[in-house]
Amino acid sequence: MASERIPIIQTAGLTKVFKDFWRRDRVVAVQDLNLEIRQGEVFGLLGPNGSGKSTTIKMLLGLLYPTRGRISIFGKAPTDVAVKSRIGFLPEDSYLYRFLDARETLDYYARLFRQSGLMRTERIERLLEMVGLTHEARRRVGEYSKGMARRIGLAQALINDPELLILDEPTAGLDPIGTRQIKDVIRDLGARGKTILLSSHLLADVEDVCDRLTILYGGQERAAGRTRELLRQNELTQITAERMSPELVEQVRGVIEGQAGSRRCPNEKCGRPNPPDARFCTHCGQALGPAPAEPTPASSPRVVEVCEPTDRLEAFFLRIVAEAQAANIKTSGARAAGKLPDFLSTVQPSGEGMIESLVSAARLPKQRAKPQEVAPPVAEPTGPSEEVIAQLTAPKQTKPEPPPAPTPPPAGPAPASGPEREERSRPPVEADRSVIDNLLKQPDRSSDGTDQ
Amino acid sequence: MGLISKELVWFVPFVLAGAAGLVAVRFLLPRVWAVARHTLAEALRLKIAVFFIVLMVLGFVAATTTEGDGTVSGRIQSFLVYSTTLVGLLLALLSIFLSRSVSEELVGRQMLVLMTKPLPRWQYLTGKWLGVTLLNTLLLALTGTGIYLTVRVMAAQPPLNEYDAARLEHEVMTARHVVPFELPRDVFRRETDLLFKRNMEEGRYDGIDGFDPRAERDRLYKYVEGRWRNVPFGQYRDFRFSNVLCERDPETFIQVRYKAQANTFPPDEVLRTRWIAGDPSRGTRLQTQDRRDVRGRFHTVPFSADTVAPDGTLNVRVVNVNPFYPEEPQFDYILHFEGLRGVEVFFRVGTFEGNLLRALLIVHCKLMFLTAVALLFVTVFSFPVACLCSVTIYVLAAVRGYLKDALGFLEEGSVVTVFKTVFTGVLKVLYLVIPDFAAYNPTETLADGRNVTLAWLLLAVLYLVIIGTSAAMLIACLLFHRREVSEVSV
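Residue numbers (the numbering used here), protein chains in the order written: chain A, 1 to 452; chain B, 1 to 490.
Think of the hints as simulated: they come from the structure by calculation, not from any bench.
The beta-carbon is built from N, C-alpha and C at its ideal position, and this holds for glycine as well.
Do not rely on the hints blindly, as some may be mistaken.
Said to hold, decoys possible - Here are a few chain B residues that sit away from chain A, every Cβ distance over 12 Å (derived from the structure):
1. 93
2. 120
3. 123
4. 124
5. 137
6. 257
7. 321
8. 392
9. 475
To be verified - Some chain A residues near chain B, calculated using beta-carbon distances under 7 Å:
10. 13
11. 81
12. 85
13. 138
Take these sequences, add in the hints, and give me the full structure.
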């Protein structure tokens with residue numbers, strides 16, 4: 001199906017070599033990279049630091065020029081202005097103008113797409129709603145937190161209703177809600193036929209949203225394919241069923257081991273299968289117990305799925321990188337991490353012990369009266385006093401202190417007394433999908449006002 | 001008022017051209033307009049412009065405290081020199097400084113986002129240039145208004161004396177066209193030939209090693225010219241002026257300004273002369289003025305405008321006799337009028353307002369050029385280096401004439417000769433592309449009440465804006481087009 005779609009990004013033998021002042025080759029950042037990303041795909045570009053992901057993205061955007069090879073975006077060169085009017089880009093940091101507020105920032109970028117005043121106003125408002133920053137739209141973005149800046153960054157990337165969205169670490173610096181929102185947005189945009197190229201270190205994010213992915217190491221492609229296929233563990237089969245009795249599990253195990261109906265020896269040292277009618281283990285003589293009842297059809301658990309289990313992307317990623325490192329492939333990024341250096345000493349838990357002593361001692365009326373007997377200064381590290389330990393480890397014959405009275409749940413909106421409480425009282429922010437709908441429902445591209 | 005409005009007619013096409021240009025950019029190149037607006041907003045919000053305005057205001061206040069020669073006209077002249085120089089200097093530095101915006105966007109990586117938008121790089125640079133130019137226009141309008149109002153307030157002060165009042169009205173708060181006298185070069189050449197021939201015949205050059213006839217002729221020509229500029233006692237000299245195209249209204253007047261030296265000074269250092277203007281054979285009035293002038297200073301003699309012939313020629317004769325004799329003693333000295341400004345004719349052609357406006361526009365042309373140069377450097381180098389390069393270009397352009405003279409004064413010697421040769425060679429190459437800002441410095445002209453001509457302004461537009469700025473921007477765009485805007489990160 002995917003192969004029938006139009007290729008949006010194509011690279012052939014893409015190579016980037018960074019040179020030094022004397023024009024000598026310094027770093028091979030990307031080497032002979034062949035990518036093909038088709039319309040509507042959510043494509044993940046993975047790799048450790050220095051693997052060439054950002055360089056690749058920058059070449060795709062025309063920010064860096066390839067040393068060798070060819071790039072085609074929408075069938076044209078990436079430096080083509082008409083191509084850029086169909087792309088949205090969110091870099092690894094939002095790189096905003098500190099002296100502009102959110103609305104002005106979006107207005108500036110919208111003007112570069114030659115959008116009319118009405119269109120600009122409408123889109124800016126809807127995007128601000130989507131990223132949940134309408135109420136902060138008049139604050140200068142220089143005062144924004146990193147998460148807020150990321151949200152404005154995402155909004156600017158969507159201002160032109162792009163057909164191709166390139167996201168470099170889109171969830172970096174975002175809280176879990178923000179991360180979830182971004183993933184929802186990516187999924188929604190993907191569902192609407194947008195092509196998305198995603199580079200991220202958060203492998204769970206990539207795993208969740210990407211159709212296909214490529215793993216780079218040392219500027220070279222190390223693995224590529226559909227996400228599910230890459231993560232499938234072909235050497236394993238996984239059976240998913242409703243709850244089974246232990247005996248049935250044994251039977252299944254027996255079947256799998258090629259001995260249907262066999263009875264496994266309960267002796268831990270033996271554990272070998274026996275014929276179904278055996279009463280004692282034929283190997284060690286251990287009594288096998290009564291034969292299990294035949295499961296009736298009505299009580300038989302239903303097999304839900306028999307499949308090959310999938311690996312977690314993180315495990316897969318680490319395996320690929322480890323293989324690349326074992327193969328001694330050159331990389332300009334960091335190599336495998338080594339041991340802790342010897343000079344890093346072990347800190348004695350003196351402080352911790354002292355604090356525990358203090359906390360425990362504070363509960364004892366006897367010691368409360370003698371504060372001077374509390375743990376000695378830090379200079380002489382020592383554990384909690386034996387008395388305290390005895391107090392803590394003694395059976396509960398002494399009357400325990402009554403537990404603190406449970407705090408009743410707030411009956412209504414909690415009185416806000418700090419930012420944390422304010423945050424909690426605020427309803428969870430969700431991506432406003434109507435904005436995406438609206439962006440996607442533009443009747444035709446010519447109405448966008450772009451001068452392609 | 002009528003004169004002001006009539007004299008400012010020339011400004012209308014400039015305003016219309018500027019407005020049409022902005023409208024064209026706004027609608028035909030909206031991305032350039034967007035970048036320009038953004039640059040302007042950045043300069044205003046980051047208080048850069050405010051800082052420069054504060055500096056200028058302080059400079060203005062300091063300039064108003066200058067006394068000049070103690071007269072109101074002198075104070076205004078000093079203020080005009082200081083204030084316009086300060087405006088030119090500070091706005092030049094501001095233009096260079098604002099170009100850092102490009103560098104900052106490269107370092108701050110806003111360029112990574114910007115260059116992924118459908119914004120051609122040449123439009124980005126043009127937008128930056130336009131933004132800085134708009135800011136300069138705004139600041140020049142503000143400072144120009146400030147200069148004008150300050151001058152008006154100063155001019156409203158009571159003058160020191162009648163002479164001060166007349167000088168203020170006719171020599172400062174005005175725009176006068178200047179006509180230098182015509183040297184009779186044909187006569188000089190003939191006399192030079194005769195002298196050279198006589199010396200040859202007398203064998204004065206025989207036996208001179210490396211005799212250079214051309215150099216000798218040049219020397220003789222200077223000798224003849226110097227002799228002509230001398231007016232011995234009891235003799236006179238006629239200075240002829242052409243193109244004195246003033247209204248020949250007997251009610252209006254022209255001014256003859258001169259600066260005379262003498263070989264021996266009278267005890268009171270006052271030169272007594274008779275000046276006669278007009279040529280009745282050409283149908284003009286003849287007017288005589290007897291003068292007592294301090295030697296070595298500029299003096300102005302007013303004559304009726306109908307002393308000028310209908311074809312625009314004027315004959316002015318200076319007679320080296322004491323017209324006040326025998327009441328005052330007669331001294332025997334030779335008068336000397338040096339250089340083209342030895343004797344000049346002035347006549348009013350416009351107003352101070354028009355003059356100030358043209359002067360500020362010439363300053364603006366220099367700023368446009370400097371902005372383009374600063375953008376050119378900032379597309380290649382990081383900001384500190386680019387800033388230094390731009391300031392160097394500014395200084396080299398400002399001291400071009402001075403450097404030429406200074407190198408000429410260096411004494412010959414092995415080391416000096418090598419230095420001079422190398423330095424001159426480098427400068428010659430640089431000055432192929434660096435304009436002479438002194439040639440576009442209207443400060444003294446404005447303070448002197450001389451006309452800052454429209455032709456001068458148009459020349460500045462042609463050389464500094466159309467040629468200089470376009471060339472610098474073209475090179476900047478070509479360099480920036482090939483530049484990888486992303487920092488090297490692998």
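Structure versus earlier hints, numbers of those that do not hold, lowest first: 2, 3, 4, 10, 13
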